[in-house]
Amino acid sequence: MSSLRSITLATLTKDVRLEWRSKDAINSMLFFSLLVVVIFSFSFDPNAEESRQIAGGLIWVAFLFAAVVALNQTWARELRNQVLDAYRVSPAPANALFMAKVLGNFILVSLLEGLMAPLFMIFYNLRALGPAWQLIPVALLGTWALVVNGTFFAAMSLRTRSREIMLPLLLFPISIPAVQSMVEATRIILTGDGAARFWIVLLLTYDVVFTTACLALFETILQAE
Amino acid sequence: MKRAFPILAAVTALLLAYAFYEAIWVAPMERTMGDVQRIFYYHVPSAWTAFLLFFVNLIASVIYLVRRNAKADAVALVTAEVGVVFCTIVLVTGPIWARPVWGIWWTWDIRLTTTLVLWLIYVSYLVLRRFSESSQTPKLAAVLAIFGALDVPLVYFSIWFFRTQHPQPVIGGGGSIDPRMLHVLLLNWLAFSCFALLVSWARYRLEMFKREVEEAEALESLLVAGSGAQISKTQIPLSREPQ
Amino acid sequence: MNPAGSIKFLYAAYIATWLIHGLYIGSLVRRYGRLRERKKELGK
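These protein sequence lines are chains G, W and A, in that order. Reminder that position 112 of the first sequence reads as 150 in the working numbering, one-by-one numbering, no gaps. Reminder that position 133 of the second sequence reads as 262 in the working numbering, one-by-one numbering, no gaps. Reminder that position 42 of the third sequence reads as 548 in the working numbering, one-by-one numbering, no gaps.
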């Protein structure tokens, strides 16, 4: 178990350090996220009452697109340097690699959300009428839901034609219950109309189910590339 | 075995014709909706058949992952494809029914929405199978089928709760059903199940034929390359036959 | 709701069902034909 943790940590810190040095991916993604917020703001210009109703949907759709951009480059470096082949023949548990990638993506996408959320609040003059602190578990659980399946499907898409479009094609249908939960929870918290508890619990369930499934089946699909 | 197919085809055709006759002329007219309600006899059996096919796909996918049995993989592919066809019919007849009765094309009806998500998942399954260039595509597809199966209960719950917050019309009613209508419904389901079996069987044979041809082509190109002869264009097997 | 005019939706639904089945079976027939062609090419 400790080897799993140490490999995960080592891979994660390597990824973070590499990304921090070049800042390739993060810069283009930050700008992309900003563009998404602006375009949505031009497209939907509701008044304060309406905006609280629809902001949940807008924000999470925007996050979804930003996440896809981030997820698509998950395995790019590994692919270039034949790291996956090395993992296939090494005794190191594949799950360590997977968890490192998921955590890396989680940090990256959370960073993007951290930038986009205040911008949305500004453009839409948002103010939560319900318990705003609940937005944090919603964001954490929701981001994890997208990122854990997204990293998995990114690995599945590695050897497909049109790899970049394959990832969202696989990810979006499976993510529907998670996205619905995120959107509804956000709407409830912003409008203060009802309790978001059910949606948060559903998100948690989704995360547990799919994290388990990904960990159980990652080795299988790694061998499949 | 060879003769069973035409026999099944004949039986199915008869069943479908008889079930159609019962649906249009024998089943009692519904009080509030009128004759339009008869769409029910095609809409619901198609849904049940699609779900059955997807269930078989799940079983076949698990068997494939555990045993690497090529036939299980073929069954998985076949049931996914035929399942999508039936699922498409559910999604088309649903709105056609809803429009005259409730005045709207779409409603977040729990069964219809779950069917939509299943359709999306299985279309993505078929896209993966077609676009994947890994030699292990069957394994990837099987994993996707499992993910889809895990997703379905979550989808159902999330829509169920959504509807308690945003009340919507229920397509097809939730109450008890007139026994005469039930009889016609079950008859149509039997007929469509036989039809699904027939089509799946045909698709399975097509798939086996396709694999046989592809293997023969691969073998031929190997032999030709081995003998050092010129490979003419027609003998190079295409890895992706244009569909 | 207009029970009289809504009968055309019934026709539409039944026709759509068989149209979709027909298109699918048609595609199977076409694929089969193409495979037979390829098999003939092999025999040559």
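Keep in mind that the hints were calculated from the coordinates and are not lab data. We put the beta carbon where it would ideally sit given N, CA and C, even for glycine. Mixed in with the good hints there might be a few duds.
[Unchecked claim] One side of the interface only, derived from the structure: several residues of chain G facing chain W at Cβ under 10 Å:
{"#": "1", "residue": "52"}
{"#": "2", "residue": "54"}
{"#": "3", "residue": "89"}
{"#": "4", "residue": "125"}
{"#": "5", "residue": "128"}
{"#": "6", "residue": "232"}
{"#": "7", "residue": "243"}
[As the list claims (entries may be wrong)] Below, in silico cross-link-like pairs of lysine-lysine (DSS-like), each with a Cα-Cα straight-line distance of 30 Å or less:
{"#": "8", "chain 1": "W", "residue 1": "339", "chain 2": "A", "residue 2": "514"}
{"#": "9", "chain 1": "W", "residue 1": "339", "chain 2": "W", "residue 2": "200"}
{"#": "10", "chain 1": "W", "residue 1": "339", "chain 2": "W", "residue 2": "131"}
{"#": "11", "chain 1": "W", "residue 1": "131", "chain 2": "W", "residue 2": "200"}
{"#": "12", "chain 1": "W", "residue 1": "339", "chain 2": "A", "residue 2": "550"}
{"#": "13", "chain 1": "W", "residue 1": "131", "chain 2": "A", "residue 2": "514"}
{"#": "14", "chain 1": "A", "residue 1": "545", "chain 2": "W", "residue 2": "200"}
{"#": "15", "chain 1": "A", "residue 1": "546", "chain 2": "W", "residue 2": "131"}
{"#": "16", "chain 1": "W", "residue 1": "131", "chain 2": "A", "residue 2": "545"}
{"#": "17", "chain 1": "A", "residue 1": "514", "chain 2": "W", "residue 2": "200"}
{"#": "18", "chain 1": "W", "residue 1": "200", "chain 2": "A", "residue 2": "546"}
[Claimed, not checked] Just a few of them, taken from the derived set where beta-carbon distance is under 7 Å, the chain G residues facing chain W:
{"#": "19", "residue": "103"}
{"#": "20", "residue": "114"}
{"#": "21", "residue": "118"}
{"#": "22", "residue": "132"}
{"#": "23", "residue": "197"}
{"#": "24", "residue": "207"}
{"#": "25", "residue": "208"}
{"#": "26", "residue": "211"}
{"#": "27", "residue": "214"}
{"#": "28", "residue": "218"}
{"#": "29", "residue": "240"}
{"#": "30", "residue": "253"}
{"#": "31", "residue": "255"}
Quick rundown of the hints versus the structure:
1. Interface hint at residue 52(G): violated, since its Cβ lies 26 Å from the closest Cβ of chain W, which is beyond the 10 Å cut-off.
2. For residue 54(G), the shortest C-beta to C-beta distance to chain W is roughly 28 Å, which exceeds 10 Å, and the interface hint is violated.
3. At a threshold of 10 Å, the smallest CB-CB gap from residue 89(G) to chain W is about 18 Å, leaving the interface hint violated.
4. Of the supplied interface hints, the one on residue 125(G) is violated, with its beta-carbon coming no nearer than about 16 Å to a beta-carbon of chain W, more than 10 Å.
5. The interface hint given for residue 128(G) is violated, since its Cβ lies 19 Å from the closest Cβ of chain W, which is over the 10 Å cut-off.
6. Against a cut-off of 10 Å between C-beta atoms, the interface hint on residue 232(G) holds, since the closest Cβ of chain W lies about 7 Å away.
7. Satisfaction of the interface hint for residue 243(G) is found here, the shortest Cβ-Cβ separation to chain W being roughly 7 Å, below the 10 Å cut-off.
8. Between residue 339(W) and residue 514(A) the CA atoms are separated by roughly 41 Å; this puts the pair beyond 30 Å, and the hint is violated.
9. A hinted pair counts as satisfied when its Cα atoms are at most 30 Å apart, and residue 339(W) with residue 200(W) qualifies at roughly 13 Å.
10. Using a Cα cut-off of 30 Å, the hinted pair residue 339(W) and residue 131(W) holds, with the two alpha carbons roughly 18 Å apart.
11. For a cut-off of 30 Å, the pair hint linking residue 131(W) to residue 200(W) stands: about 18 Å separates their Cα positions.
12. For a cut-off of 30 Å, the pair hint linking residue 339(W) to residue 550(A) stands: about 18 Å separates their Cα positions.
13. Taking the CA atoms of residue 131(W) and residue 514(A), the gap is about 41 Å. The hint is violated against a cut of 30 Å.
14. With a C-alpha separation of about 21 Å, the suggested pairing of residue 545(A) with residue 200(W) holds against the 30 Å cut-off.
15. Taking the CA atoms of residue 546(A) and residue 131(W), the gap is near 23 Å; set against the 30 Å cutoff, the hint holds.
16. A threshold of 30 Å between alpha carbons decides the hint, and for residue 131(W) with residue 545(A) the separation of about 21 Å falls inside it, so the pair holds.
17. Between residue 514(A) and residue 200(W) the alpha-carbon distance is near 44 Å, which puts this suggested pair outside the 30 Å criterion.
18. The hinted pair formed by residue 200(W) and residue 546(A) meets the criterion: a straight-line CA distance of about 25 Å does not exceed 30 Å.
19. Checking residue 103(G) against chain W by beta carbon gives a least distance of about 18 Å; that is not within 7 Å, so the hint is violated.
20. Checking residue 114(G) against chain W: minimum C-beta separation of about 17 Å lies over 7 Å; hint violated.
21. Using the Cβ-Cβ criterion of 7 Å, the hint placing residue 118(G) at the interface with chain W is not satisfied: the shortest such distance is roughly 18 Å.
22. Look at residue 132(G): its Cβ only gets to about 14 Å from chain W, farther than 7 Å, so that hint breaks.
23. Look at residue 197(G): its Cβ gets to within about 4 Å of chain W, closer than 7 Å, so that hint holds up.
24. The closest approach between the C-beta of residue 207(G) and any C-beta of chain W is roughly 5 Å, which is under the 7 Å cut-off, so the hint is satisfied.
25. For residue 208(G), the suggested interface contact is upheld, since its CB lies about 5 Å from the closest CB of chain W, less than 7 Å.
26. Taking 7 Å as the C-beta contact cut-off toward chain W, the hint placing residue 211(G) at the interface holds, the least distance being around 4 Å.
27. Because the beta carbon of residue 214(G) sits about 5 Å from the nearest beta carbon in chain W, less than 7 Å, this interface hint is met.
28. Using the Cβ-Cβ criterion of 7 Å, the hint placing residue 218(G) at the interface with chain W is satisfied: the shortest such distance is roughly 5 Å.
29. With its C-beta approaching chain W no nearer than about 6 Å, residue 240(G) sits inside the 7 Å limit, and its interface hint holds.
30. A least Cβ separation of about 13 Å between residue 253(G) and chain W goes past the 7 Å threshold, and the interface hint is therefore violated.
31. Because the closest C-beta pair between residue 255(G) and chain W is about 5 Å apart, less than 7 Å, the hint holds.
When held up to the earlier numbered hints, the structure conflicts with 1, 2, 3, 4, 5, 8, 13, 17, 19, 20, 21, 22, 30 and fits the remainder.
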